[in-house]
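J.: Chain residues, written in single-letter form:
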Amino acid sequence: MLKLLLSRLATAIPSIAGVIVVTFMLTRLLPGDPAAYFAGLAASPQAIAEVRTKLGLDKSLPEQFVGYIVDLAHGNLGNSLSTGQPVVAEIVNRLPASAELTLVALFLAVGIAIPLGVLAAVKQGTWIDHLCRIVTTAGVSLPVFFTGLLMAYVFYYLLQIAPAPTGRLDAFLSAPTDITGFYLIDSILTGNLETFRGALSQLALPAISMAIFSLAPLARMTRGSMLSVLNSDFVRTARASGLAPRTVVFTYAFRNAVLPVITTLGMVFSFLLGANVLVETVFAWPGIGLYAVNALLTSDYAPVQGFVLAMAVLYIALNLLIDLLYGLVDPRVRLDS
Amino acid sequence: MVAIPALAVEDLSVEFRTRSGVVKVLDHVGFTVEKGETVALVGESGSGKSVTAFAVMGILDAAGKVTSGRAMFGGSDLLAQSERDLAELRGRELSMIFQNPRTALNPIRRVGQQIADVLVRHGGATRPDAPREAIKMLKKVRIPDPERRAEAYPFELSGGMCQRIMIAIALACRPALLIADEPTTGLDVTTQAVIMDLIGELGRDSGMATIFITHDLGLAAEYCDRIVVMHAGHIVESAPSRALFANARHPYSAKLLAATPGETASLASLVSIPGGLPDLRRADLPACRYSGRCERLTDACAQPLPHKTVGERHDVACWNPL
Ligand SMILES: Nc1ncnc2c1ncn2[C@@H]1O[C@H](COP(=O)(O)OP(=O)(O)OP(=O)(O)O)[C@@H](O)[C@H]1O
Ligand SMILES: [Mg+2]
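Quick note, the sequences are listed as chains A and B, same order. Under the numbering used here, the first residue of the first sequence is numbered 1, with each subsequent residue one higher. Under the numbering used here, the first residue of the second sequence is numbered 1001, with each subsequent residue one higher.
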């Protein structure tokens, strides 16, 4: 298992290097001149040139790249031009908001999709199978920003049972003491039930929008994988040996069927990282997605660069985790490496 | 003295409902297996051998329906039992070994654990004792270094080893009846012999009845007391092995024998059987499903199939036997 971890870590290094180069190039190639933007509309050419020198944009690309690498090595992602704040600090501050939203959505999706998929396969052709089909079809055909807007419209505007889509917490509730950065956990740890309820009601709509979006591929994969495993030779052996139905379905079938579901989970998670940007925009969620969108709109390249880098590192770490999880379940992977 | 057979299948019919219509896979199949006896079920691919076995075991897939018949086993009809009662019997009183041992074992569970699962389920051992009992079973099927092999996963073992594990699973609870569905297909000839000897020996030790499914008549003759010949869901002939080889009465059995390499026949003299199995989805299947390929076809063959006894435990379902 340690060998598997090390070999996967080794393959992650070139990916990280690639990401560093690509983020650098990408932000330099973005349309718009940050110097002109920040010098202001009425700025003279000299003023723009001054700003450009201040930002270091007058240097050659290789020089800029070396500077960028040196900064990175010091854990410095530069400062946002519009707020003047260090990008690293902003991302670290905002990451818990995004992480809480994404993880709650993911748990919700997994908690519904896997039992639904398993039941649909075991009771093929019954109402639960049809329900599974409806859910997966609906989930695929609804884009996440649309679900988000629709939910806000119905539950906030029409029915008025949800709070206004304005961030993590209602204006007159104060944020819980920062322990994990997750409001749901921190409010419980500090025994602040009112804040917990407030945070939960704010979180509900965006999390459900994202959960609906990731439910479909998970449920579909679980059902399909479970069906094919239930038809496999070794499940027939298990049945022919008289093993209890529960053992056959869970110990024999499900553990094998979960392998492709783990792979799908990794894919869904990376979709969610992207969907975050849209959902955070719709619900004014103060996460890193919203931060990146605002930066992008003002050609503020340091935050964009930081965001892309953070996402890429997250994505690579996530794939590492998925590989390890896979190795944990499947001895063929574990022992082959 | 009339002994009660270990298994008596009577009048068994099975249909599969498929998208392209109802397939009448088994039609009034009947045969018996005495206690301690080894009976071969032979016939070409698609003749319904596996379906017969699955029906008896109660593990037909959802599309398959038993439409008539009984399978008397230990005083009760297997086909009339609830799934729950049947699950109690499977693995304990009647067991099955499958073709393709590599895929027939759970790929991500240690083989010792898979044997232990069966033992624990049927009260052959308690959870804490099960690993030790599983190792004993591995010794019994003559796996070298059983303590270490018990910890292996199927992909770490050869096909022959996997088939021994299958045998260990099937025989763990000393069943009264074993159905071996082409247990040696896909194994090399030496391993084939080892596996067949192992099944025969363990069966004799415990007085177990065995049904051995194969399309290899040579193998059937070598290891079985009697041979039951199937064609397109009918049993066309059943006889003691020697009697069948000496004096096959059904035209299909005779063709099968002629197609089997043996001491007397050289490879060059092998004949293939003309034609193929009839399409079992047809509504107007002839009474004799071999009639389309038969050289001895007469008008009499349109009548319902006869069951003629032509010798000691030798039956044939043909109007014009050889
Ligand atoms: N699930 C199923 N659905 C439809 N038809 C089936 C199904 N299973 C088996 N059959 C049909 O039943 C017939 C007999 O199949 P069976 O597997 O019993 O043959 P077999 O004698 O065991 O052949 P083989 O030597 O190839 O194993 C075949 O014509 C097959 O098409
Ligand atoms: Mg078969």
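Treat each hint with caution, since some may be false.
[Stated by the list, open to error] When the alpha-carbon atoms are kept at most 27 angstroms apart in a straight line, the in silico DSS-like pairs for lysine-lysine are as follows:
1. Lys-1024/B with Lys-1065/B
2. Lys-123/A with Lys-1308/B
3. Lys-1024/B with Lys-1140/B
4. Lys-123/A with Lys-1024/B
5. Lys-1024/B with Lys-1139/B
6. Lys-1308/B with Lys-1140/B
Just so you know, the hints here were simulated from the structure itself, not pulled from any lab data.
J.: Given the proposed pairing of Lys-1024/B with Lys-1065/B, does the C-alpha separation stay at or below 27 angstroms?
T.: holds, 10 angstroms
J.: Holds or violated: Lys-1024/B with Lys-1140/B, Cα cutoff 27 angstroms?
T.: Violated, because 41 angstroms separates the two Cα atoms, which is more than 27 angstroms.
J.: Is Lys-123/A close enough to Lys-1308/B, meaning Cα to Cα at most 27 angstroms?
T.: Violated, at about 46 angstroms.
J.: Lys-1024/B and Lys-1139/B were given as a pair; does the straight-line alpha-carbon distance stay at or below 27 angstroms?
T.: violated, 43 angstroms
J.: Holds or violated: Lys-1308/B and Lys-1140/B, Cα atoms, limit 27 angstroms.
T.: violated, 43 angstroms
J.: Measure nothing beyond the straight line between the CA atoms of Lys-123/A and Lys-1024/B; if it is 27 angstroms or shorter, mark the hint as holding.
T.: Holds. Lys-123/A to Lys-1024/B sits at ~26 angstroms (cutoff 27 angstroms).
Hints 2, 3, 5, 6, counting from the list given before, are not met by this structure.
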